[in-house]
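Enquirer: Next come the chains, spelled out residue by residue.
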Amino acid sequence: MQPEELIFQLQQKNEKAFQRIYEMYSENVFGIIYNILKDETLAEEVLQDVFIKIWNNADSYSPKKGRFFTWILNIARNAAIDKTRSTAFKNSKQNQTSDNFVDILEQKSSFSSKMDAIGIKKYIEILEPICKKVIDLLFFKGYTQKEASEELQIPIGTIKTRNRICINKLREVLAE
Amino acid sequence: MDIEKYISSGILELYVYGALSEKENAEVYQVLKEYPEIEEEVRAIEKSLLQLSASTAPYNPESVFNSIKDKLSSGDIEVKTIPIHTKRTKWTSYIGWAASIALLIGLFIQFTKNKELRQQVVESQIEQNLLEGKLNVIENDLSNAKSLLSVLRDKDILQIPLEAQKVDPSAYAAVYWDKEKQTAYIDVAGLPTPPPGKVYQVWSLQLDPLTPTSLGILDKFTEDETKIFSLKNTNESEAFGITLEPEGGSESPTLEQLYTLGTVAS
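Chain order of the listed sequences is A and B. For the first sequence, position 168 matches number 167 in numbering that gives the first Met the number 0, and the numbering has no gaps at all. For the second sequence, position 76 matches number 75 in numbering that gives the first Met the number 0, and the numbering has no gaps at all.
Isolated chain B, as found in the complex (with noise of 0.2 Å):
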């Protein structure tokens, strides 16, 4: 093998970072055993990170240990043993061998089934921790869902549905317009995925003389599950529309590339 081609390929510092596949690692810890050069690179890799990792500490917490220390007997359980003196005659000892053999295997049964409960508390803990994570995401998704819920029941809201264009019959959109909070939600789930590089970008209008302010571009479109966006609309609005622009928007809108419009019921 080629040592040197080896150690400068990187795959010793993904090595000490736990960063490698099970299988590299095992792959790994095997030319360590064959050949004590890399072994000496991994310890010298190992040797600038424990320099670099103890750096970031903001001080040595060498008096935490003590609570550690603390934590860990508050939980040890003493187990006592009770010393038995008993006087055997000839015929007890063989009832006591059999009784200390039966003794025996109830304890390795008993021992075998600790073991496999272990494994179950671990495994369970395993799932725990996915489960919690879960969780998180929906009791996240829950609440984004009910805000939107309020959003749209709340009778001060104009609802302004914009109406497809030519560049795409197929496109739909609407703005649900809280004047009082100056606040329109755009829902944009009718709209297909912009392009790589474009972006969609709302307008509100003013129609008489027709004048475009850009309210904001919708640059989480794709990672955004509801597809509704929040934006501020302070204007005195008369009409709302989509069109897809550069990536960062632009100054006005690109007419050709309108993709909804829709003028607000006066």
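Excised from the complex, chain A in its bound form (with noise of 0.2 Å):
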């Protein structure tokens, strides 16, 4: 759902609106930054600055652009992007355990139940290894179509609809 009302009392520098949209969103967007950034402490702090972002920039926010939700996503990538050129980042890499999405759900243990936990375990154990990495690299790192079909030696004709393939997999098992 798009929060039209939630989003216009935003941008009319609403502090309530704010809040609604933290907890609307807060977990999606450190989902996204800890993806890249593999470390708590870091995608904390980025975490913070996207939602300052967000107050502060609410303005150019239209519907024209696009869905609020990809929006607050091209935020989140950006600056977890930004944040990999720090020394901090680079000297937490050592201790990465994690590859993409799929290893962090293989290690996590427990889920907020705003989601559907089952179903999301239930998606990584019949998730083809094509899918895991087309979703990280489109979805999750921000990846167009043709910088993704070079990565993964696939035809940039077929991107398109593999990754239909493998979102609609995804929604099948949450809808079971």
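These are computed hints drawn from the structure, not numbers from a lab. Heads up, some of the hints might be wrong.
Unchecked claim - Derived DSS-like pairs (lysine-lysine); straight-line CA-CA distance at most 25 Å:
{"hint": "1", "chain 1": "B", "residue 1": "Lys133", "chain 2": "A", "residue 2": "Lys89"}
{"hint": "2", "chain 1": "A", "residue 1": "Lys159", "chain 2": "B", "residue 2": "Lys22"}
{"hint": "3", "chain 1": "A", "residue 1": "Lys52", "chain 2": "B", "residue 2": "Lys46"}
To be verified - To give a feel for the contact side, a few chain A residues facing chain B, derived at Cβ under 10 Å:
{"hint": "4", "residue": "Leu46"}
{"hint": "5", "residue": "Phe88"}
{"hint": "6", "residue": "Ile166"}
{"hint": "7", "residue": "Leu173"}
A quick note: this is a predicted structure, and the numbers were derived from the prediction, not measured. Don't be surprised by glycine CBs; every beta carbon is placed ideally from N, CA and C.
Taking the hints as your guide, dock the two standalone chains into a single complex.
Expert: Take a look at the structure:
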């Protein structure tokens, strides 16, 4: 759901609306950032920056540019990628154990009540390796179709449909 | 329009990812306005992605919100208004009007200027980000170059030029061998780029009897712009050679594909 009314109030600098937006999206933003940085402390720092940007730049969002979630997603990925250039990140990198979102999910033991944990776990089990990579690059890392096709060495024309198949499986599992 | 076909093309997923070009994005937006079924599909895609991304969060970051609020309120600037009470006679009110019109014009000019300045700030921030990125790359290059230079200047390092062989008379390479650290630096700027599926392999040779030992393959040849590679060499090498081998390297050198060879001066 696109919370139009909340977004409007956020743009009017309504703090209540900001808090609601935080409750709605903070876990998503945190997930995206963590998937790029793989470090909880750094991810929390970036999470703060991202929501400060959302508060300060809410005016610049317009539905014409895309979904509100997409707008937030872009801010989050850019901020996290910026952080990967910092020395703090380079130092933290040594203790990384996970490669992409699938590893994070496999290592995770508790899920918040907001999501369908069983569905997500099941999804990871049935997910094909290529799907893991496609979703990781396009959704979590914000690659373009061209970049993803170069990285995975599959024709650019098949990226879109391949990705849809991968996401459809997710939807099927979650709908069960 | 064929709605089914449009949906199954997969463009809507990329729309939610934010992976489309500005133009494609605007096109999807138009379609969404026209076809509620397609907008419904976008909602469904978004819902599943919300679940997926939330599930990769290490924990629910509820407590972080307070730090964000603190940061925001410390940056707030409070504007206080001071009420003004004045008595006005008839002629002073004209001056008052004139003054307020002048003030309005002034405010308007300030407002436009302010807008321009904000725009400039945004632009310079973008530029700064770009420059920082470039600077990083350059610093990296510089430190690479410095460490290479220190190798070249070290007097204890043996320099062995490798001369061209039959395969390619214009080929040239050099080995800088630090015996102490058991490291050989291979400078291959004078070798042609290997064809796809092939890779250069560096060999340490003992001459009597002729025994080649592989030091490694240069599989990063095209990526590394310095074209200098450091390889471990624990051998008592008497000569060095470079051959072109199939991807992954070979057990023993393919002598027909020997590109350069040079002996260590004793």
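Enquirer: Could you run down the list of hints and mark each one as holding or not?
Expert: Right, here's what the structure says about each hint:
1. Lys133(B) <-> Lys89(A): Roughly 18 Å between the alpha carbons, so the hint for Lys133(B) and Lys89(A) holds.
2. Lys159(A) <-> Lys22(B): holds, 17 Å
3. Lys52(A) <-> Lys46(B): Cα-Cα ~23 Å, so holds.
4. Leu46: Constraint on Leu46(A) satisfied, holds at 6 Å.
5. Phe88: violated, 12 Å
6. Ile166: holds, 5 Å
7. Leu173: Cβ of Leu173(A) sits 6 Å from chain B, so the hint holds.
The structure fails hint 5 only (numbered hints given earlier).
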